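Heads up: the sequence lines are chains A and B, in that order. Reminder that position 313 of the first sequence reads as 313 in UniProt numbering, one-by-one numbering, no gaps. Reminder that position 590 of the second sequence reads as 590 in UniProt numbering, one-by-one numbering, no gaps.
Accuracy of the hints is not assured; some may be wrong.
Unchecked claim - Computed Cβ-Cβ distance ranges for the label pairs, DEER-style:
id, chain 1, residue 1, chain 2, residue 2, range
1, B, Ile739, A, Val79, 22 to 28 Å
2, B, Asn111, A, Thr230, 30 to 36 Å
3, B, Ala375, A, Glu125, 38 to 44 Å
As the list claims (entries may be wrong) - Quick look at which bits of chain A chain B covers, simulated, 3 or more residues with Cβ under 8 Å:
id, region
4, 140-152
5, 435-441
Simulated from the structure, these hints should not be mistaken for lab results. Remember, it's a predicted structure, so these values are computed and weren't measured experimentally. All C-beta atoms, glycine included, are put in the ideal place defined by N, C-alpha and C.
Spelled out, the chains give:
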Amino acid sequence: MMHTLFAESFATLGRLDNVTLVMVFHPQYLESFLKTQHYLLQMDGPLPLHYRHYIGIMAAARHQCSYLVNLHVNDFLHVGGDPKWLNGLENAPQKLQNLGELNKMLAHRPWLITKEHIEQLLKTEENSWSLAELIHAVVLLTHYHSLASFTFGCGISPEIDCEGGHTFRPPSVSNYCICDMTNGYHGVDDIHASPTTTESVCEVEALMEKMKQLQECRDEEEASQEEMATRFEREKRESMFVCSSEDEESAPTRDVSRHFEDTSYGYKDFSRHGMHVPTFRAQDYSWEDHGYSLVNRLYPDVGQLLDEKFHIAYNLTYNTMAMHKDVDTSMLRRAIWNYIHCMFGIRYDDYDYGEINQLLDRSFKVYIKTVVCTPEKTTKRMYDSFWRQFEHSEKGQTTLSPLPLLTTPSAPQVHVNLLLVEARMQAELLYALRAITRYMT
Amino acid sequence: MPPAVPPGSEPASRRGVPASRPAMEKMSRSGAALGGAALSGRTMFCHLDAPANAISVCRDAAQVVVAGRNIFKIYGIEEEQFVEKLNLRVGRKPSLNFSCADVVWHQMDENLLATAATNGVVVTWNLGKPSRNKQDQLFTEHKRTVNKVCFHPTEVYMLLSGSQDGYMKCFDLRKKDSVSTFSGQSESVRDVQFSIRDYFTFAATFENGNVQLWDIRRPDRYERMFTAHNGPVFCCDWHPEDRGWLATGGRDKMVKVWDMNTTRAKEIYCVQTIASVARVKWRPECKHHIATCSMMVDHNIYVWDVRRPFIPSAMFEEHKDVTTGIVWRHLHDPYFLLSGSKDSTLYQHIFKDASQPIDRANPEGLCYSLYGDLAFAAKESLISSDSNRKPYIGDRRHPIFFKRKLDPTEQFEYISSSSALSVFETDVESGSMDWFVHTAKQYALAGRPLAELCDHNAKVAKGLDRNQVAQTWTMLRIIYSSLGTVSSANLNHSMGKGSAALPLMNSFNLKDIPSGLGSESRLDRSKGESRTENILLDSSSTLINNEDNEETEGSDVPADYLLGDVEADEDDLYMMDHENPHAEEQEYSLPQEAFPLRHEIVDNPSALDHLQDKADSPHVSGNEAETVSLTPVESFSLISISHSLYENRLPSDFFNPIVRDTLLFYAEQGDVQTAVSVLIVLGDRIRKEIDEQTQEHWYTSYIDLLQRFQLWNISNEVIKLSTCRAINCLNQASTTLHINCSNCKRPMSNRGWICDRCRQCASMCAVCHHVVKGLFVWCQGCSHGGHLQHIMKWLETSSHCPAGCGHLCEYT
């Protein structure tokens, strides 16, 4: 499976990029991921090839993800893009410049997107977008925003042949892990033969106990509706305080900053600045019922591909937790998924947001929040601090690598990141698609 | 939109029967079914305060309940309007229990309602309660949103629910908990429906596309399961009369009708709609009619006759946002439909006010054939009156709509029954389109200075006795190349510096001979010898067209193609060096000719650009001195420009309006060929004079014509040369060619030469046994093949397949 995937990926991309190498921990997902990405970038679609890569660059640059930017600068030039465009968005055609605003909002405050924004892009004039093109662009933007999250979340280092492949250190977790992996596949070995500390065993057990309790008490004690509503609000509110203490501005690397103006525009929690944004009810606009139909209508097959990808990411489980087999991890997965959507203001009526508090501890929340909202600020410390807890939780093959300094992303780590990435992508998509739907009606 | 005013005002006579399609016996029958209390009313609506998610009617058809996230009200349906009867959403801070995903009114007990809440609670309501809060029972067993609730059609206390968590639960309203739980073992349940006739059976539809049939007594496993749709099945509905029929609607935009009487569920009808199907409801008293509404994008409600799946028999277009709930007002009345929508309105639709797309459908068809024949199809009734008509080839009649025997139980006759086709043939002489083909092939559109192009094209037109067109070209030359001639001479000067310019000119002159066939055969002799002998006529002619093109038009496309061919197959070349010296020689003679050509052509456009710059700049600046300073080019050209300026004293766009009118005239005449050719040749000089849309229209018409004559190369040429964005991207779409592996016959996904499944290189050359990565030709009979050159070479000497399979291959 792995080899076929590698071969396939190599054949289509002409390289085996580090993202693929990391994702291969979950080959089933990787397959779907590659298929989608291939379709978005290379197959029939409304946008010309160089536009697609440029949009990828724009999106990745929003998060200062030099890894993805470099990768796509190469591809962009390869498909015949005009090198002048790379000097900054203002050198690109007006049409792409118009997309800048949407890019910015999607990346940081998707809830602000309204049908007026869509109208602006679609209104007939020389540089206008067609609906199909816009959908393509939106899917690409969200894809690369979330991929940037993944890149930072897993600490993916630049490709060896790219600028900075050896020396440049992105402000991400670790840039050595991949070289390690590619050299000797430590990561894979570690998973099986790793020691477990007694302390971690306790933690796993504690978490499992909690899950069991939740399962049981859910039937007995029924929180009042107001209680449920306040729990969501509380979680939403809290999610904005869950902030990395290290809020220092990391200067964007020279290479990347050209691609986007307005560096100051970042993720803003909605209630903080007195903005009151109505909660997005998941039941009123869901991916399965609405988003899918819209995407598939305007950009055939992509809805199907995305649907599959979301599905695989959400349902990915090996039913194990550390050394415990046959554990139903759906609760934990759902908590993570809903927590991310909660950060974007998307509320599920049928979910008790109190569960999140019980299952996800603070350091993990910090990690999630950082990776999802401001991936460029992910630090190794954050990563480690949550990891101490987490690697023992989901399926917790403890990965104490032989060299103490080298953090090799393990399967569950990647797993969590996949969840984050897909949840984020869906959240962004939902906001964008809802705006488009409103525009259309 | 305001509701339509009811025609006439005598309510007794209306009885909901559409005046246009009366069915007298039906009227009495439905009247009887309603127990004498026939429905009446008009198309009407009322504003709700909030978007509706679902609606349901009371058994007596006098009240309707509307439920949504922020609304839960009962409306009385009166003659002229909806009247709010009751607001069930009480309390200061309504809880999520009031946020309804679905609502259903019991058909036995008119005081009993059930709702499915988005937070997973199933609530029953008793309207008989004296207090303001009518909430009766609360079932909090589902963990996720409940998508659907359904009462048993004959049993008072039995309620069924289906939820996002994948479970269906059956409740006995006399007990506090569910009686039984059914686990679908697949994903979320989207809909549950009790069978109307089978007491114990219910159907459930799932998000993964499955439909399951359950026996209410056996919660352990389903009776039957089948995959109905690709993607979620949003809804289902049992046929009210025919016990075996189940209609399902899914995200894949289909409505399917299943016959469940057989052991395997059989799809008997399928209607393709334009958006995902949110609800389906069989129309009462009409066996084949079904109403649908969609989840997204499309706001209309359609009533389909399932036997006629391409056009809805009726359509209600009142809503401005998606329709979320539809319900027939009465179990036995087919004329009243109620609907709730996200646009916060509740409508009553009357059938006679429905728009009938079939009325707007055009039962006449008209089409020109390639050679000017005209086919005309229309309703028989229209045509039969014309007695002069000669039947077409033994009176072949092509029915557009199938004629059906009228079913006496159907109220509605089919509008059109059958139609006749007539064909008008033009006589061969006048309809001949040879001139079109010849012109298309011989016109030069780019790659040379304007004057030459015009001259050439004029000559072509003259050669075909089209003097007016020839005259036009000549005039164009005079108009636009008073500048151009000088500049082109200038061009020649500059090109003269390059050593290869002379051969280039030669090759053009050579191909200027306008006899189509003659030049072809000469081409044959000069290069295609070995090819044409082995290749059947058909392809050889296209092949030669191709080359013909390349030469006459001097563009770099075909050169590219030849070059690409050679470059891509490096190993080819390599091998030919050893095994095939003869072929190599021949092959080389081609590229050698192509190489200098290509180099020159790289120059040409830029030279043209210069030319245009020069042509433009004088009238932009309007000042000669400025021109000099602005365009620091060779002094040569500057002088010549100023000369021409003094000579003409006319700005270069002086004639543009006339030229535009000329083009419009030709296009109007149907000679879009001339219009497009001129447009391409003149390029920027005239482009701005004609609006984009017209240009696009011309291009598409011309391209369409070219393709009908199978002049693929020329049409591609035109696409490439066009300046319209919409046209330009025509040849960039669908450039994928899907192929199957020759070993395992499965589709090959990524690469053309290696199969993922059988891990073999699929496209091996049968002659040299190497992998073919470039042009691969294979026999459609035995699917063996290989490098184009190798196969051609092989077939010179043998007629059998090179792979030794014994097949007598024909490579066409």
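| message | Quick check: do three or more residues in the region 435-441 of chain A have a beta carbon closer than 8 Å to a beta carbon of chain B? | response | The restraint on the region 435-441 of chain A holds, since 3 of its residues have a Cβ under 8 Å from chain B and three suffice.
| said: Taking the Cβ atom of alanine 375 of chain B and the Cβ atom of glutamate 125 of chain A, is their distance within the range 38 to 44 Å? | reply: holds (42 Å)
| Distance restraint evaluation - isoleucine 739 of chain B, valine 79 of chain A, Cβ atoms, bounds 22 to 28 Å | At roughly 24 Å between Cβ atoms, valine 79 of chain A and isoleucine 739 of chain B fall inside 22 to 28 Å, so the hint holds.
| query | If you check the beta carbons of asparagine 111 of chain B and threonine 230 of chain A, does the distance land in 30 to 36 Å? | reply | With Cβ atoms ~34 Å apart, the hint holds.
| message | Taking beta carbons only, do three or more residues of the region 140-152 of chain A come closer than 8 Å to chain B? | response | violated (count 0)
When held up to the earlier numbered hints, the structure conflicts with hint 4 and nothing else.
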